[in-house]
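**Q** Protein sequence lines correspond, in order, to chains A and D.
Number 17 in this note's numbering belongs to position 17 of the first sequence; there are no gaps in the numbering.
Number 76 in this note's numbering belongs to position 76 of the second sequence; there are no gaps in the numbering.
Read the hints as simulated data drawn from the structure, not as lab findings.
In this text, a Cβ means the ideal position worked out from N, Cα and C, and glycines have one as well.
Warning: the hint list may mix true and false statements.
[What the hints assert, rightly or not] Computed spacing ranges between beta-carbons, pair by pair:
{"no.": "1", "chain 1": "A", "residue 1": "E36", "chain 2": "D", "residue 2": "D136", "range": "32 to 38 Å"}
{"no.": "2", "chain 1": "D", "residue 1": "F211", "chain 2": "A", "residue 2": "E205", "range": "52 to 58 Å"}
{"no.": "3", "chain 1": "D", "residue 1": "K103", "chain 2": "A", "residue 2": "V118", "range": "36 to 42 Å"}
{"no.": "4", "chain 1": "A", "residue 1": "K74", "chain 2": "D", "residue 2": "E14", "range": "51 to 57 Å"}
{"no.": "5", "chain 1": "A", "residue 1": "A93", "chain 2": "D", "residue 2": "E137", "range": "26 to 32 Å"}
{"no.": "6", "chain 1": "D", "residue 1": "R128", "chain 2": "A", "residue 2": "E205", "range": "53 to 59 Å"}
{"no.": "7", "chain 1": "A", "residue 1": "H156", "chain 2": "D", "residue 2": "E11", "range": "34 to 40 Å"}
{"no.": "8", "chain 1": "D", "residue 1": "E137", "chain 2": "A", "residue 2": "K235", "range": "34 to 40 Å"}
{"no.": "9", "chain 1": "A", "residue 1": "K252", "chain 2": "D", "residue 2": "D136", "range": "54 to 60 Å"}
{"no.": "10", "chain 1": "D", "residue 1": "E11", "chain 2": "A", "residue 2": "R262", "range": "51 to 57 Å"}
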Amino acid sequence: MVSKRPAYSNLMKEIRKGKFVLTGELEPEKTTGLEEVLASARAMKPYVTAANVTDNPLAMAYMNSLVPSYVVQKETGLETVYQMVIRDRNRLALTSDILAASYLGIRNVLAISGDHTVLGDNKGGLPVYDLDSAQFVYLLHKLIDEGTDLEGNEVHGEVGINVGIAANPNADPLEPEILKIGRKVPLGADFVQTQTMFDIDLTKEFLKEVEKFNCPTLVGVFPLKSFGIADFFDKFIPGVHVPKDLLRAMEKCKDEPDKEKRKDLYDKVNMEFFAPFIREIRKTTKAAGIHVMAVLYERIFEPLLRETM
Amino acid sequence: MIITRQKPMEEIEEMTKPFRKLFIVGCGTCSTSCQTGGEEQVAEMAEKLGDKVIGTTVVEEPCDRRIDRRDLKPHKEAINEADAILVMSCGSGVQAVAEFTGKVVLPALDTLFIGQTERIGRYHDTCRACGECILDETAGICPLTRCPKALLNGPCGGQVKGKCEVGEYEFDCAWVKIWERLKEQDRLDLFMTFRPPRDYGKKSLIRDHIF
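Given only the sequences and the hints, what does the whole structure look like? Please build it.
**A** In structure tokens:
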């Protein structure tokens, strides 16, 4: 069992203080520019404690997530959670990137498996999976708490990073997912961020189940910017389905010809669904906060915060 | 058993095109069972390739150098005369024939995996020959082979109703299966056990097994 490590990041400090935190999400894409990511970061900064920077989500070959994780912090002052998948690099590359991230002032890492290469846009690539996500948490523990790599070779300097893990409360069956979190937390996880949730009862059941691991948990939500996104999400994200009523309500909005009015309608549907959802989580569970995956939908943060906090 | 599949005929024709005289070697063991390199398939192949085939034989076990010596000796003249040998066995057999004869060898089959047979034509990939068996810990299901991410501490978030995100949710998630079976056996402590990273350095050194 790893003893509680210091709170290196603001995110961890706020969580430990007992604040109900919000995290956002930034997604660098197949581009050499960061203007969009920086604009998103600036737009969400007043509302969130930190923002995750995704690492080749859905196995798409996008810009490496370390650079935007650093640039966002430097240019906007918004703290980042550097997401790292173990699909694309072996233990040497993971170690190298953690050392580099540490130098660049990254204070949060989310250690995840990543969708398999065959789901992505370079399907013929070799899926690495030298380590799995639990073993990666173990590597992070060695680097952070023991000052060595996996083999015990000494690292010069300190790695001051808090470690997040992902969980999927939508998993069916749920029991192995819960057991897996119980296996992973003692290896050195500081917080959990969940896959996106739409089912309040399932979310509450999950939160109750993981209470015993004593690891702060942020519930993932995905406000839906448009019907197209909702529909894609429903069809293509493994194990996640948008509730039919919500999908139908979104579909109705799309027929509004006036762009501004349509935006308002979409926002209204989102607020009607997510505001009570978040309020319920905040009031009746021990969740540490909400991870809001409102990629390129930053305008929802202000009303969401106003209605729920 | 080593599971093999015959390459598409166009590919075999293309591969054999530069050679005027061919000798075909089949396999009396795994490829016979798989119906990819037995007597029947060797005869069919000879017929398809026509006049350029100057001889055929089925070696009882072409991956065994001793048996190659025994079974190929009677065909020495034809083999010497041939420009190339088309081998209908797994890759191990192809290499043994190459070594024994010193001739150009052409693989007629693709080697798929060490498999379990359900029935002829239904084979399942179950063992990666990793050199460090942990089946005692995983209820007799190999996660290195049956999980496309080869996770030692699964499942990942990609399982839906016990099915794997790889392959359109057709295959069982190995780790959900392991969990089910360990639960049945009242051995969930093994599911909870953290398995540290594998030593691939050791695996990299496995080239020969000599005792």
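**Q** Quick one: which hint numbers does this structure break? Sort them smallest to largest.
**A** Hints 1, 6 and 7 are the ones this structure does not satisfy, whereas the remaining hints hold.
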